[in-house]
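Order-wise, the sequence lines are chains A and B. Counting from 2, one number per residue, gives the positions in the first sequence under the working numbering. Counting from 2, one number per residue, gives the positions in the second sequence under the working numbering.
None of these hints come from the bench; they were simulated from the model. Here the structure is a predicted model, which is why all the values come from computation and not from measurement. Some hints here could point you the wrong way.
A pair counts as met if it fits within one copy or between any two copies, since identical chains are not told apart.
Heads up, simulated DSS-like pairs for lysine-lysine below, C-alpha to C-alpha not over 27 Å straight-line [what the hints assert, rightly or not]:
hint, residue 1, residue 2
1, 456, 422
2, 330, 270
3, 102, 330
4, 89, 173
Here are the chains, one letter per residue:
Number of protein chains: 2
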Amino acid sequence: MDKQQPSSSAALPDRTAANDEAPEGEKVSKKAAKKAEAKAKKAAAKAERQAANPAAQQQQEPSEDPAKDNYGKDLHPFPAALSPSAEKINLRSLGDSHFGKVVVLRAWMQNVRMQGAKMAFMELREERNWAIQGVLQVSKEGSENVVSKNMVKWVGGIPAETFVAVEATVEKPYEPIKSCRVTDYELHIRKCFVLAAAPAMLGMTLAVANRAITNFSDEEAKEAPGEKTETETEQAGPVATMLTHLDNIVMHKRAPVQQAIADVRIEVKELFRSYLRSHNFREFEAPCLIGAASEGGANVFQLPYFNKEAFLAQSPQFYKQIEIAGGRKRVFGIGPVFRAENSNTPRHMTEFTGLDMEMEIVESYQEVLHMLERVLLHIFHGIKERCAEEIKTIRSIYPSEDVLLPEPGKEVRLSFAEGQKLLREEGPEEFRDVRDDEDMSTPQEKALGALIRAKYHTDFYVLDKFPESARPFYAKVDPESDGSVTNAFDFFLCGQEILSGGQRINDPDELEGRIRAKGVDPASGGIKDYIDIFRQAGVPPHGGGGIGLDRVVSFYLNLPSVQLAAYFPRTPKRLTP
Amino acid sequence: MDKQQPSSSAALPDRTAANDEAPEGEKVSKKAAKKAEAKAKKAAAKAERQAANPAAQQQQEPSEDPAKDNYGKDLHPFPAALSPSAEKINLRSLGDSHFGKVVVLRAWMQNVRMQGAKMAFMELREERNWAIQGVLQVSKEGSENVVSKNMVKWVGGIPAETFVAVEATVEKPYEPIKSCRVTDYELHIRKCFVLAAAPAMLGMTLAVANRAITNFSDEEAKEAPGEKTETETEQAGPVATMLTHLDNIVMHKRAPVQQAIADVRIEVKELFRSYLRSHNFREFEAPCLIGAASEGGANVFQLPYFNKEAFLAQSPQFYKQIEIAGGRKRVFGIGPVFRAENSNTPRHMTEFTGLDMEMEIVESYQEVLHMLERVLLHIFHGIKERCAEEIKTIRSIYPSEDVLLPEPGKEVRLSFAEGQKLLREEGPEEFRDVRDDEDMSTPQEKALGALIRAKYHTDFYVLDKFPESARPFYAKVDPESDGSVTNAFDFFLCGQEILSGGQRINDPDELEGRIRAKGVDPASGGIKDYIDIFRQAGVPPHGGGGIGLDRVVSFYLNLPSVQLAAYFPRTPKRLTP
Numbered sequence: 002m003d004k005q006q007p008s009s010s011a012a013l014p015d016r017t018a019a020n021d022e023a024p025e026g027e028k029v030s031k032k033a034a035k036k037a038e039a040k041a042k043k044a045a046a047k048a049e050r051q052a053a054n055p056a057a058q059q060q061q062e063p064s065e066d067p068a069k070d071n072y073g074k075d076l077h078p079f080p081a082a083l084s085p086s087a088e089k090i091n092l093r094s095l096g097d098s099h100f101g102k103v104v105v106l107r108a109w110m111q112n113v114r115m116q117g118a119k120m121a122f123m124e125l126r127e128e129r130n131w132a133i134q135g136v137l138q139v140s141k142e143g144s145e146n147v148v149s150k151n152m153v154k155w156v157g158g159i160p161a162e163t164f165v166a167v168e169a170t171v172e173k174p175y176e177p178i179k180s181c182r183v184t185d186y187e188l189h190i191r192k193c194f195v196l197a198a199a200p201a202m203l204g205m206t207l208a209v210a211n212r213a214i215t216n217f218s219d220e221e222a223k224e225a226p227g228e229k230t231e232t233e234t235e236q237a238g239p240v241a242t243m244l245t246h247l248d249n250i251v252m253h254k255r256a257p258v259q260q261a262i263a264d265v266r267i268e269v270k271e272l273f274r275s276y277l278r279s280h281n282f283r284e285f286e287a288p289c290l291i292g293a294a295s296e297g298g299a300n301v302f303q304l305p306y307f308n309k310e311a312f313l314a315q316s317p318q319f320y321k322q323i324e325i326a327g328g329r330k331r332v333f334g335i336g337p338v339f340r341a342e343n344s345n346t347p348r349h350m351t352e353f354t355g356l357d358m359e360m361e362i363v364e365s366y367q368e369v370l371h372m373l374e375r376v377l378l379h380i381f382h383g384i385k386e387r388c389a390e391e392i393k394t395i396r397s398i399y400p401s402e403d404v405l406l407p408e409p410g411k412e413v414r415l416s417f418a419e420g421q422k423l424l425r426e427e428g429p430e431e432f433r434d435v436r437d438d439e440d441m442s443t444p445q446e447k448a449l450g451a452l453i454r455a456k457y458h459t460d461f462y463v464l465d466k467f468p469e470s471a472r473p474f475y476a477k478v479d480p481e482s483d484g485s486v487t488n489a490f491d492f493f494l495c496g497q498e499i500l501s502g503g504q505r506i507n508d509p510d511e512l513e514g515r516i517r518a519k520g521v522d523p524a525s526g527g528i529k530d531y532i533d534i535f536r537q538a539g540v541p542p543h544g545g546g547g548i549g550l551d552r553v554v555s556f557y558l559n560l561p562s563v564q565l566a567a568y569f570p571r572t573p574k575r576l577t578p
Numbered sequence: 002m003d004k005q006q007p008s009s010s011a012a013l014p015d016r017t018a019a020n021d022e023a024p025e026g027e028k029v030s031k032k033a034a035k036k037a038e039a040k041a042k043k044a045a046a047k048a049e050r051q052a053a054n055p056a057a058q059q060q061q062e063p064s065e066d067p068a069k070d071n072y073g074k075d076l077h078p079f080p081a082a083l084s085p086s087a088e089k090i091n092l093r094s095l096g097d098s099h100f101g102k103v104v105v106l107r108a109w110m111q112n113v114r115m116q117g118a119k120m121a122f123m124e125l126r127e128e129r130n131w132a133i134q135g136v137l138q139v140s141k142e143g144s145e146n147v148v149s150k151n152m153v154k155w156v157g158g159i160p161a162e163t164f165v166a167v168e169a170t171v172e173k174p175y176e177p178i179k180s181c182r183v184t185d186y187e188l189h190i191r192k193c194f195v196l197a198a199a200p201a202m203l204g205m206t207l208a209v210a211n212r213a214i215t216n217f218s219d220e221e222a223k224e225a226p227g228e229k230t231e232t233e234t235e236q237a238g239p240v241a242t243m244l245t246h247l248d249n250i251v252m253h254k255r256a257p258v259q260q261a262i263a264d265v266r267i268e269v270k271e272l273f274r275s276y277l278r279s280h281n282f283r284e285f286e287a288p289c290l291i292g293a294a295s296e297g298g299a300n301v302f303q304l305p306y307f308n309k310e311a312f313l314a315q316s317p318q319f320y321k322q323i324e325i326a327g328g329r330k331r332v333f334g335i336g337p338v339f340r341a342e343n344s345n346t347p348r349h350m351t352e353f354t355g356l357d358m359e360m361e362i363v364e365s366y367q368e369v370l371h372m373l374e375r376v377l378l379h380i381f382h383g384i385k386e387r388c389a390e391e392i393k394t395i396r397s398i399y400p401s402e403d404v405l406l407p408e409p410g411k412e413v414r415l416s417f418a419e420g421q422k423l424l425r426e427e428g429p430e431e432f433r434d435v436r437d438d439e440d441m442s443t444p445q446e447k448a449l450g451a452l453i454r455a456k457y458h459t460d461f462y463v464l465d466k467f468p469e470s471a472r473p474f475y476a477k478v479d480p481e482s483d484g485s486v487t488n489a490f491d492f493f494l495c496g497q498e499i500l501s502g503g504q505r506i507n508d509p510d511e512l513e514g515r516i517r518a519k520g521v522d523p524a525s526g527g528i529k530d531y532i533d534i535f536r537q538a539g540v541p542p543h544g545g546g547g548i549g550l551d552r553v554v555s556f557y558l559n560l561p562s563v564q565l566a567a568y569f570p571r572t573p574k575r576l577t578p
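The task is simple: from the sequences and hints, build the whole structure.
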């Protein structure tokens with residue numbers, strides 16, 4: 002039994018504001034912030050010393066506390082002192098039928114403040130932003146359920162983000178509670194146990210964790226972490242850098258905005274998967290470890306593999322084509338891909354998730370283009386519907402508007418040449434001379450996105466028939482063209498590429514010819530293996546595409562970086578947590 | 002336009018048997034096999050020379066061939082000569098309403114044989130083992146749809162596994178076709194185009210690809226590939242080693258047995274995912290690239306990562322616990338994990354797929370155990386129902402019987418000590434002295450599996466309360482015990498472990514104590530980060546488990562190796578394809 006009654010409260014500053022931070026609107030000078038931090042650290046150290054020696058602490062408390070069995074620390078998931086007959090509630094399903102009933106709630110102590118010595122108000126957060134007000138009041142003499150002054154003091158000192166179990170009656174508050182999502186009920190607490198204590202001072206408060214991140218720099222400010230980790234902005238209160246968020250991953254993930262982003266990401270995957278499954282696509286899994294750098298060798302991670310070398314796959318391209326060659330007809334896969342690119346932009350990570358598909362072509366590669374268009378529209382419409390609440394939460398932190406989508410039958414598909422023409426004729430000055438045989442730059446893409454939005458009222462569109470020079474060796478040259486354009490396309494959302502796809506060459510001789518024409522040696526390791534696939538047996542005409550999941554999520558939600566869409570973002574300087 | 006009329010037929014031996022191999026039952030001596038191979042290679046080389054020069058070939062053919070527009074090679078997905086009004090059929094949906102209709106089928110030429118000079122019979126396989134008989138016959142003079150002798154000869158020479166598009170009428174065969182899955186229809190061919198040619202000689206025939214693999218040795222026989230790749234067994238015909246299968250991955254994957262295994266694997270994942278989703282589990286994704294070897298450092302792949310070192314994750318343990326700490330309550334993830342273990346056993350690969358889950362515990366870790374039990378039973382019952390046809394296909398190659406599952410409410414859960422007692426008292430002689438504080442060996446596990454099967458009539462059971470010494474540092478010691486056993490368990494299928502799980506320590510001080518007791522430095526890289534998670538904020542009691550997907554699939558189906566359950570198996574010596 003680990004029951005003990007630490008008194009972290011003594012170490013905590015008096016809580017009058019909503020959290021351990023400056024009141025809203027008040028500007029904190031750097032100096033003051035530093036001072037406050039030093040003070041808090043001192044207090045935290047004191048609290049730790051005390052917590053480590055509960056026996057000494059207990060001596061200070063009157064052992065005859067009549068409420069002593071109703072509170073304390075308890076390492077058991079379900080403290081024995083809680084009534085086994087009390088209903089274990091979830092805040093989402095709380096209703097009028099609960100009025101007056103005794104319930105048990107497990108929640109995070111989001112905030113607690115004393116109202117004099119006999120009363121404490123708290124916000125108990127069960128999950129996401131679902132919180133309810135709890136009230137703890139010293140009981141009248143002779144009451145059945147004793148709440149002592151000691152108990153109120155102890156509960157009032159529970160550090161924020163501590164995991165507690167409370168027993169309480171459900172009551173109607175005097176007026177609707179504005180500070181909590183649950184407005185029409187409150188809990189009158191009679192027992193409160195700490196199941197897992199938070200530190201006296203959090204590395205990052207929930208309020209900070211739930212504000213917009215603007216600084217995604219990979220460079221850690223090592224000299225003065227106290228000053229740089231939380232900087233002042235126009236937002237109401239201090240904000241933290243992405244690095245501070247990653248250093249405090251637990252609080253980062255508890256922020257409702259991050260949970261909402263994760264929920265959107267989950268649904269994007271689910272919509273992709275279920276749509277393709279219902280269209281006879283079969284799942285496959287590409288390996289991460291590969292024997293040769295199949296796509297040229299640039300930006301690839303390499304590692305010792307027993308007596309050989311291995312590489313981390315940059316895409317499942319090779320493998321989804323093997324599935325088609327192997328007779329699977331239509332396949333999709335969701336998995337990690339790796340790029341050893343030393344780029345620090347809002348659009349780059351070294352590990353990210355690809356949504357890939359590949360399918361046989363019956364008459365034209367347009368079948369592939371249309372399938373991809375349909376699955377993406379299904380995703381966009383689907384998350385708007387399924388994740389309305391999550392999107393609202395996200396927009397309260399990262400403002401955005403609905404992306405403009407084409408009406409059915411009015412999808413915008415321009416050829417690459419048409420796109421360049423639009424840029425030349427109606428785009429910014431610097432793009433007057435863009436050429437049809439050169440790939441687009443990111444600024445070009447964004448400018449074109451704006452032009453298409455104005456002209457066609459859509460943020461989602463396709464650029465088809467990319468020039469041969471801008472595509473990899475496996476892209477099928479348009480047989481109706483002079484050889485300069487391919488049956489390959491990119492999809493864009495808000496002027497940024499989210500998908501690359503097209504028809505692949507399925508004839509080994511044609512493939513070998515293109516590889517030679519690209520100046521690549523067809524006998525080199527990964528390349529030879531690739532060509533040989535098409536020599537093993539007749540491979541049907543096919544095409545497919547790869548969608549960047551992190552990009553789709555972050556562009557759709559107008560997030561400032563793909564790092565926010567990832568569970569554990571990997572950048573050249575950051576591999577933890 | 003790539004239309005041309007190669008005549009690979011000239012290079013192919015006369016086809017009288019069902020395939021390019023010895024008739025069933027006939028034993029081929031090694032010498033004879035070598036001779037046959039040399040002959041076939043010579044023929045293949047000749048065919049290649051001829052195919053490379055179709056013009057020369059065409060000179061030998063009468064240019065006045067009246068059927069010349071009805072056959073040939075055509076690199077377009079849909080040859081222009083095919084009737085656009087013909088229905089494109091799938092064999093699964095072929096019905097009596099198709100009788101007499103003109104249809105188009107795209108399929109692999111599984112087999113073709115001439116019947117004299119005027120007729121050819123073929124097996125056209127659309128997908129998996131769905132094949133139909135095609136008949137091509139020289140047309141009578143004056144027929145609308147001309148089939149010439151040249152055409153029959155050319156089609157008769159199409160190499161096996163070539164992808165073709167045929168136009169035909171659907172007819173009733175004289176008697177049901179035994180050699181094809183579609184028994185009651187046949188196609189009377191009038192046009193036949195090669196869309197993608199197979200080589201004159203396959204590296205591995207479909208018949209061989211579809212036989213049981215018995216040799217999974219990692220050691221390639223380099224000195225005499227011709228002799229060793231296909232060895233004689235008791236099966237009807239030559240079989241190939243796993244390495245030959247991997248060298249001929251396209252044919253390996255075309256084998257109906259491999260497609261059926263992949264289909265079962267897909268459904269296992271889908272059943273896991275959908276069951277947990279419906280029980281409020283949220284998906285998460287663990288990273289592959291990590292900054293420190295969190296689980297001790299043994300058997301971990303390491304790679305240069307810009308100016309640092311990175312490692313490949315051995316499990317998502319750390320990350321699923323971060324999700325719980327981050328307030329996600331119930332999570333699951335499906336993804337790759339890596340072990341740099343130089344083992345060549347039927348149960349090891351260096352990259353495999355984990356099905357992971359983690360959940361808050363409300364009252365007892367038994368909630369986790371029961372949830373995992375339910376999801377696995379859901380999977381086992383689910384694939385039996387959903388994959389009945391696939392399982393039948395697999396059993397025709399790899400015989401097995403239904404695994405014995407417990408009745409609802411009669412799940413078998415033994416404590417580790419009870420398991421050891423059973424082994425001591427009723428197991429083989431060599432296990433008379435097994436101890437309760439030592440982990441089980443694989444032979445012990447298998448012996449116990451046999452004992453439990455005999456006693457409780459189930460192949461699926463749980464061993465709970467593993468000794469502390471046999472579990473990692475994060476396993477929660479049973480607080481009701483003397484400290485020697487944990488709230489940790491393994492699940493077994495047919496005497497082999499498929500899942501490891503249990504309650505985790507969620508108190509940082511308790512965790513640090515255990516880590517020290519295990520002789521690990523709590524300040525070391527990955528370990529410190531791990532402990533710090535629990536110091537960032539109060540983390541609820543939780544537990545979970547990890548299922549080896551490749552193991553579940555291969556044990557359930559009684560496959561001789563987990564390699565057969567993987568899409569692209571990775572072993573210490575094999576990284577390709």
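Hints versus structure:
Taking identical chains as interchangeable, the C-alpha atoms of residue 456 and residue 422 lie at most 27 Å apart only when both belong to the same chain, with a minimum of 14 Å there against 78 Å between chains. For a Cα distance limit of 27 Å, the shortest separation of residue 330 from residue 270 qualifies both inside one copy, at 21 Å, and across copies, at 20 Å. In the homo-oligomer, the alpha carbons of residue 102 and residue 330 lie at most 27 Å apart only across protomers (25 Å), although the nearest pairing inside one protomer, at 58 Å, exceeds that limit. Taking the shortest Cα distances, residue 89 and residue 173 sit within 27 Å of each other inside one copy (19 Å), while across copies they are farther apart (67 Å).
In this structure, every one of the numbered hints holds.
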